[in-house]
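Enquirer: Heads up: the protein sequence lines correspond to chains A and B, in order.
Read in order, the letters of the first sequence correspond to residues 16 to 309 in this note's numbering.
Read in order, the letters of the second sequence correspond to residues 1068 to 1223 in this note's numbering.
It should be emphasised that the hints constitute simulated quantities derived from the structure, not laboratory data.
Note that the coordinates shown come from a computational prediction; the quantities given were computed from them, not determined experimentally.
It is possible that some hints are incorrect.
Stated by the list, open to error - Stretch-level coverage of chain A by chain B, calculated; a stretch enters the list once three of its residues show a Cβ under 8 Å from a Cβ in chain B: (1) 36-45; (2) 94-106; (3) 173-182; (4) 231-245; (5) 292-298.
Claimed, not checked - Straight line, CA to CA, 30 Å or less: simulated DSSO-like cross-link-like pairs of lysine-lysine: (6) B:1116 x A:196; (7) A:53 x A:81; (8) A:194 x B:1090.
Said to hold, decoys possible - Here are some of the chain A residues that sit facing chain B, going by a computed Cβ distance under 7 Å: (9) 53; (10) 76; (11) 87.
Backbone N, C-alpha and C fix where the C-beta goes; we use that ideal spot for every residue, glycine too.
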Amino acid sequence: MASEQTSTGYIKHHLQNWTYGQHPDGAWGFAHSAEEAKEMGFWAIHVDTMLWSILLGVFFLWAFRKAAKGATANVPGRLQNFVEWICEFIDSSVKGSFTARNTLVAPLSLTIFVWIFLMNLMDLVPVDWLPSAATWIGSTFFGADPHHVYFKVVSTTDPNATFGMAFAVFFLVLYYSIKIKGIGGFAGELTLQPFQSKNIVVQAFFIPINFLLEFVSLIAKPISLALRLFGNMYAGEMIFILIALMFSAGLGMGIFGAFLQMGWAIFHILIITLQAFIFMTLTIVYLDMAHNEH
Amino acid sequence: MNINLTLLGQSVTFIFFVWFCMKFIWPPIMGALNTRKQSIADGLAAAEKGKHDEELAKQRAVKELKAAKEQANEIIANAQKRASEIVEEAKDTARTEADRIKTSAGTEIEQEVNRAREKLRGEVVSLAVAGAGKVLKREIDAKANEDLLKDLVAQL
């Protein structure tokens, strides 16, 4: 693939999502280039991101549902054992950081951890395999121009996916903050600290400063959550793409690249797990903060 | 890299997954885990109780064994005592019996002797009478001297 294109073209091609949306001329269809995808604006959808995230999410739910259906208190089977191991791990993480009582938090954490882990895991599939397969299928069966078939496999390298989850978590944080503390309590939390004064006039002066500080820290929660995951996965993906470029630069570079790819993949196993875990832990911590007065 | 509808799509998908997980996955798995935890705890408690019971049973068995041994010893002692008593009794009986037999044998012997003596005396008398008769045949009549001879026999 790279031999037909420049390195820049190869990288750009790999970083472009498969987009479906409305063209500026009013017709609905797939974007044939990055420019076209950009022109579609907000009312477009990344088909590959949705496809892979839903596929992996459904796989997660299917496998865990299967284990949950057959869950018995007797000797567990292999799948049940594995699922129980993950659930116990999540449960202990939640119990360690979440002090209030809420039945939503543990399943939420489980979903976040396993789903993000599975989406991240797609990063370990060599970068050209699935896109090449998609290109072949697209051009063979649907008559698409091979250069216009875009296929990004790792959903978490799409900021839409990470922000989508982060905003959902943020919504939950806002919901529980207001539900537990009331609108007044939540507003007070945003405006009456960290600076406090017994003098009413001074306190009134502090309110905008407090609000500015607290609002920024509140907004920083979903943004940091989304950007941390996106940044890590995007960078990891980028390195895989750069390493893949070496395969078209002669036998020596190719072999060197293979070793590099293996090394980076092994290191990446740590990163994909860690990022899933961090996203989950921060979600638990944010929800814990939403439940506690301070 | 464009922010678009995918954002909402992902949020909705995510919320649906969380809902599904909360409704159909987490409760049964945690339920199974808790049930198993409970049954293991129960099993351990039962094992502990069993061990305790075994300890008690052992102690009771030792006590019973000791009591049984004591009883056995007592029975043996009684039996020995009784046995020696029986032996003594038997000896006494045997001695008495022996004495009785001896006495009766002695009496019989005496009677036998007396009878023999009586018989002998009679024979001696008759012999003596016969001898004397033969001697005196010629001189005196046997009838005349019979009273005299009877006196003599009685004196013997």
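Enquirer: Count the residues of the stretch 173-182 of chain A with a beta-carbon closer than 8 Å to any beta-carbon of chain B: does the count reach three?
Expert: holds (count 8)
Enquirer: Given the hinted pair residue 194 (chain A) and residue 1090 (chain B), is their alpha-carbon gap at most 30 Å?
Expert: The hint holds at about 21 Å.
Enquirer: Taking a Cβ-Cβ distance under 8 Å as contact, does the stretch 231-245 of chain A have three or more residues in contact with chain B?
Expert: That given contact is violated, which follows from only 0 residues of the stretch 231-245 of chain A lying within Cβ reach (below 8 Å) of chain B.
Enquirer: For the pair supplied as a hint, residue 1116 (chain B) and residue 196 (chain A), is the alpha-carbon distance within the 30 Å limit?
Expert: violated, 49 Å
Enquirer: Using C-beta distances, would you say chain B covers the stretch 292-298 of chain A, given that this needs three or more residues below 8 Å?
Expert: Violated, because only 0 residues of the stretch 292-298 of chain A bring their Cβ atoms closer than 8 Å to Cβ atoms of chain B.
Enquirer: Can you confirm whether chain B covers the stretch 94-106 of chain A, using C-beta to C-beta distances below 8 Å and requiring at least three such residues?
Expert: That given contact holds, which follows from 6 residues of the stretch 94-106 of chain A lying within Cβ reach (below 8 Å) of chain B.
Enquirer: Verify the coverage statement for the stretch 36-45 of chain A against chain B, using a C-beta to C-beta distance below 8 Å and requiring 3 or more qualifying residues.
Expert: violated (count 1)
Enquirer: Do the numbers back the hint for residue 87 (chain A), that is, is its least Cβ distance to chain B under 7 Å?
Expert: holds, 6 Å
Enquirer: Measuring from the C-beta of residue 53 (chain A) to each C-beta in chain B, is the shortest one below 7 Å?
Expert: holds, 6 Å
Enquirer: Can you confirm whether the C-alpha distance between residue 53 (chain A) and residue 81 (chain A) stays at or below 30 Å?
Expert: Roughly 41 Å separates the two Cα atoms, so the pair is violated.
Enquirer: Does the CB of residue 76 (chain A) sit less than 7 Å away from some CB of chain B?
Expert: holds, 5 Å
Hints 1, 4, 5, 6, 7 from the list above are not met by this structure, while the remaining hints are.
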